[in-house]
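Which chain is which? The protein sequence lines are B and G, in order.
The first sequence begins at 1 in my numbering and counts up one residue at a time.
The second sequence begins at 1 in my numbering and counts up one residue at a time.
Please keep in mind that the hints were generated in silico from the structure rather than gathered at the bench.
Glycine included, C-beta positions come from ideal geometry on N, C-alpha and C.
There may be inaccurate statements among the hints.
Said to hold, decoys possible - One side of the interface only, derived from the structure: several residues of chain G facing chain B at Cβ under 10 Å:
| # | residue |
| --- | --- |
| 1 | Gln20 |
| 2 | Ala23 |
| 3 | Met41 |
Claimed, not checked - Non-contacting residues of chain G with respect to chain B, defined by C-beta distances greater than 12 Å in every case (computed):
| # | residue |
| --- | --- |
| 4 | Pro6 |
| 5 | Arg12 |
| 6 | Ala16 |
| 7 | Thr78 |
| 8 | Met86 |
| 9 | Val92 |
| 10 | Phe206 |
| 11 | Met266 |
Stated by the list, open to error - Derived CB-CB ranges, DEER-like:
| # | chain 1 | residue 1 | chain 2 | residue 2 | range |
| --- | --- | --- | --- | --- | --- |
| 12 | G | Pro208 | B | Asp91 | 35 to 45 Å |
| 13 | G | Phe214 | B | Leu150 | 50 to 60 Å |
| 14 | G | Met138 | B | Leu159 | 35 to 45 Å |
| 15 | G | Gly257 | B | Gln105 | 31 to 41 Å |
| 16 | G | Phe47 | B | Gln105 | 41 to 51 Å |
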Amino acid sequence: MPQILVQELSKSYLVSEREAGSWGAAKGLLRRRRRVIEALKGISFSLERGELLGFIGPNGAGKSTTIKILSGILRPSSGRCEVRGLVPWRDRIRHVAGIGVVFGQRSQLWWDLPVIEGFELLRDIYRVEDADYRKSLDAMVSLMRLERILDQPVRQLSLGQRMRCEIAAAMLHRPAILFLDEPTIGLDAPSKLAVREFVASLNRDAGVTVILTTHDMHDIEALAQRVIVIGNGVILADTSFERLRAEVLTERRLFIDFAGEAPALEIPNVRVRGREGNSIELAFDPRQVPAPELIGRLTAKYDLLDFHLEQPRIEEVIAHFYNLHGATEA
Amino acid sequence: MMRIRPYLTVFRMRFALMLQYRAAALAGFGTQCWWGFIKVMVFAAFFRSSIAHQPMSLAQSITYVWLGQAFLALLPWTADPDIAEMVRTGNVAYDRLRPLDTYFFWYARAMAWMAARALPRCAMMFAFACLVVPLLGMGAWRLRMPSSLESAALFAAAMAAEVLLSSALVMIVNLGCVVTLSDRGATTLMVPFVLVLSGSIVPLPFFPNWMQPFLFFQPFAGLVDIPYRIYFGGLTGWIAIAGLAQMLAWTIVLVLGGHRTMSAAMNRLQVQGS
């Protein structure tokens, strides 16, 4: 039995709409127009203990809805979902005692309380024994470097400091599963690195199962062994990141600086993506034109100053993938 | 003990947090002194102009007014601002992630919120209305002491019951807020009931005689009328005990009903956005 099991999970919302303008508003008084939004249209996947799953997709794809159902906040319209043998929304109290959740856009710590008191509140809410609490707290404080901010009220923390506290807060009761919904949103580079490092170590050293949603593909690249891409409420891919990249966009880019003016190049299966003065950017598929061969041909014929080879940026890969599936938000 | 520890901690933390807001307490106290004087003057004018026999004496009416000013923060006419804010922003999601009964989680917070707001305000108001008012040469307009030791003890019990009752009523407004996603509607509905039926505007004994049985047994009487009449000896013995019993009975009814409504509301809850 997998730790997390999701089968044919669907969720639809009813939204009211009205036409623009005062005439639309008046009409809305008499008759409300309702529309059903299908946030999830039957998704299925399962997850074993200790996995680290990246959940990506454009805005409005259904990532957060899935997290909210898995964490017991929302009830699905239909489908099956079990986490450690419990149905999240039905056995909510028992279920939430064993999971940790961080919503990057929200705060779970009381705004006016110093961080340490917020932690103590959570200790009592989760009924954590004192000795266990001390141990978790010490571990979190040193991992997330919180010593100097423990006595500050949450409202006075920077976003990066707050997010480190939020993640620590979600781990104080030592949950077996951690849900992270956009934990790096709005963070600067060092804070992002710290969060990634921390999540990786929780997963690697403590065996915590992690489900992570993000729009930052570097999070995914750094962390996730497995990626689920979701778009318009359906799962588009469930694979490893490298496989996804290889399937979607195999293209390589070759950047060359010539000693003189960049020549007009006509090589079969190689596209000139751009040129500027002495530099030129080529795109090719390594399955058709192996990179060493291309470079060999160029060095034989021209005087090269420098060159480097790149893969398309991951953002590009993903945008390309979303486009292939028509998954960008309406 | 382990079972109720979370709720006790929530109460303690919110209580301590609310006590920090000293400026708000002072401002509230200032306004309540001002309104207290206006109400006292209205009663003084009323008693001077009327020769009919009244159900309460002027001294009793003045005591009723000052008590009302002292415990104004215990009137349940708005949603708990924390809950209203959470419902608006969707942070309510986090409260559903706690391994707690959401109703009692919020009930403990509402209780702490009310008690912590009332405590400094009533201490200042007692000092003012018992000591400062006579020093200003208005001894007739002062807040008098409870009529007997027995009244004082019953009053203390009634105030404890009032915190329970009032928090249960705040929870009704909170629930209205959850269902309609705004605290405005439920608050607007609640205010007139609380003000009129509690006795806060006109003490309930001044209402027509035929209404008295109804007024005594409706839930809002426990917010003002029953405790204050116990204080000055208007309700004594078994009638006072009956008053206390009705407060507790309404509290139980409201908590049970609220608890049920909460489960239904949470099942329909939609938290949108990320």
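Which earlier hints can't be squared with this structure? 2, 3, 4, 5, 6, 8, 9, 11, 12, 14 and 16
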